[in-house]
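**Student:** Since the structure of chain A is provided, determine the placement of chain B on it from the hints.
Residue strings, one per chain:
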Amino acid sequence: MSEFSLEKKFEIAELLDLRVIGDVVRNLSEMFNVQLRIFDLNGKELFDTGGELHFCGLIKEMDLGDQICRSVKEKLLTQPLTTANAVQILSACGSRYTVFPVTHQFETLGRVVLGPYQDQAVTASKLEPLAAQYRVDAAKFVSAYHRLPNLSPEQIKKISRFVSKFLDAFIFINTKRLLTSIMHLELILQAKDRIFKQVEKENQGSAEDRQEIEKYKKMF
Amino acid sequence: MVQMNLEFKEVTVKIVCYGPALSGKTTNLQVLHRMFDAHHRGRLMSLETQSDRTLFFDLLPLQYQTPTGLKVKLKLFTVPGQVLHNETRKAVLTGTDAILFVADSQRSQALSNSMSFKNLKENLRINGIDFEAMPIVIQFNKRDLDDIKPVEEIKADWGATRFPTFMSVAPQGQGVFECFETVTRLGFDFINRKYDFYKKFGFNLDNFLTSIKGDKINESMDFSRYLVTPGQGAGLNK
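These protein sequences, in sequence, are chains A and B. Residue numbering for the first sequence follows the working numbering, starting at 1 and increasing by one per position. Residue numbering for the second sequence follows the working numbering, starting at 1001 and increasing by one per position.
Calculated from the structure, these hints are not laboratory results. Mixed in with the good hints, there may be bad ones.
[Claimed, not checked] Going by beta-carbon spacing under 7 Å, a handful of chain A positions derived as facing chain B:
no., residue
1, PHE106
2, ILE173
3, LYS176
4, LEU178
5, THR180
[What the hints assert, rightly or not] Counterexamples of contact, computed for chain B against chain A with all Cβ distances above 10 Å:
no., residue
6, MET1004
7, HIS1033
8, LEU1070
9, LYS1073
10, MET1115
11, LYS1149
12, ASN1192
13, TYR1198
14, PHE1223
Here the structure is a predicted model, which is why all the values come from computation and not from measurement. No residue lacks a Cβ here, since even glycine has one placed at the ideal position from N, Cα and C.
So that you can see chain A by itself, here it is in the shape it has in the complex (with noise of 0.2 Å):
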């Protein structure tokens, strides 16, 4: 059996069943009305709830939209995250994201990404100055803002504390079960080997065997 199956680290995508998990965090997404995407080590997206776009979209149509984008999803996918603990980031749009690791006994596997929803912090009398900043319409601006998901503080603990945790016991189950199968893959292989040798010893039998092998064979 190869020590390197105790020590094997899984990635995020083997250990995560994608269709299952995304009923369950898609439901959670509904209920809040947020996007919730999940990323691995490397940034790539593995699941996308999506979500309210009206604002988004508003802001790809604005000349430094893409430029904003860009810059959002960088921060998103760098910011680093040293704990379980979530990091908020404003956008230049101010929008609001949540951001917090995907963890398996101490090792990050990747991070989860919630949001964008309304920073509280942020009211009418700022949106208006952001709009004329950006050059678009401040009542559309404001009326694509107020789209986005309004959650407290408290809520947002909660849905990260929930998906922090769904995830975490889902990830232990499957590499659990992962181990169990490549090691159980490993013993059928070395009994396997156990019993051709066992098998290829008998068969080369006695002399007696032997001489009337080489008889057969002079047969054939």
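**Tutor:** Below, chain B without anything else, positioned relative to chain A:
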């Protein structure tokens, strides 16, 4: 052998619970898991069990971060005790830094204990690990049962050896933490002698042990009650 990842300031130490079948290795880990500080312990992973017998291994990871930012990971493994699972035992032993040998104190289990101890020696050799240098703590478990090896005999048989020996009743947690602390101390000291680990990383073993054990364990520990022989030259200061 200890894994050091200097780029991520991470050190991983491995301790293996060895011993014959049904001697209480998994129970040791279950008790430790229940009592360790929740911030420092991971989940106890048992792979997999058939009628409460370990087929592969159990793993309990612990993590601690020093004030200097060094992450210290301690992985506690058990091996399957049944004779036929020797390949798994060999694999689990790879790279171990210290061993807790869990023996069954019942006289009727003397042969199983001795066969397992010999098997440990052989598997270490196969893994290229020097048995003579390996920190090993012996735990005489199941002290609550009848017809057990008396303490005087343990003293007489093991007193002159380098192995610290303890008595325990694992399901009740008696002697478990004392064994854990001793094997951890011996393991870290062993690594330190090789790599000057404490000085290089500003690591303090006492702080580490105090943090991961939590107050509950720290208060209930009683070395004088469970330690039978300190082991010649093991350097136990307790």
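**Student:** Work down the list of hints and note, for each, if the structure agrees.
**Tutor:** Consistency of the hints with the structure:
| no. | hint | in the structure |
| --- | --- | --- |
| 1 | PHE106 | holds (4 Å) |
| 2 | ILE173 | violated (10 Å) |
| 3 | LYS176 | holds (6 Å) |
| 4 | LEU178 | violated (10 Å) |
| 5 | THR180 | holds (5 Å) |
| 6 | MET1004 | holds (15 Å) |
| 7 | HIS1033 | holds (12 Å) |
| 8 | LEU1070 | holds (13 Å) |
| 9 | LYS1073 | violated (6 Å) |
| 10 | MET1115 | holds (20 Å) |
| 11 | LYS1149 | holds (33 Å) |
| 12 | ASN1192 | holds (22 Å) |
| 13 | TYR1198 | holds (22 Å) |
| 14 | PHE1223 | holds (29 Å) |
The structure is inconsistent with the numbered hints 2, 4 and 9, although it conforms to all the rest.
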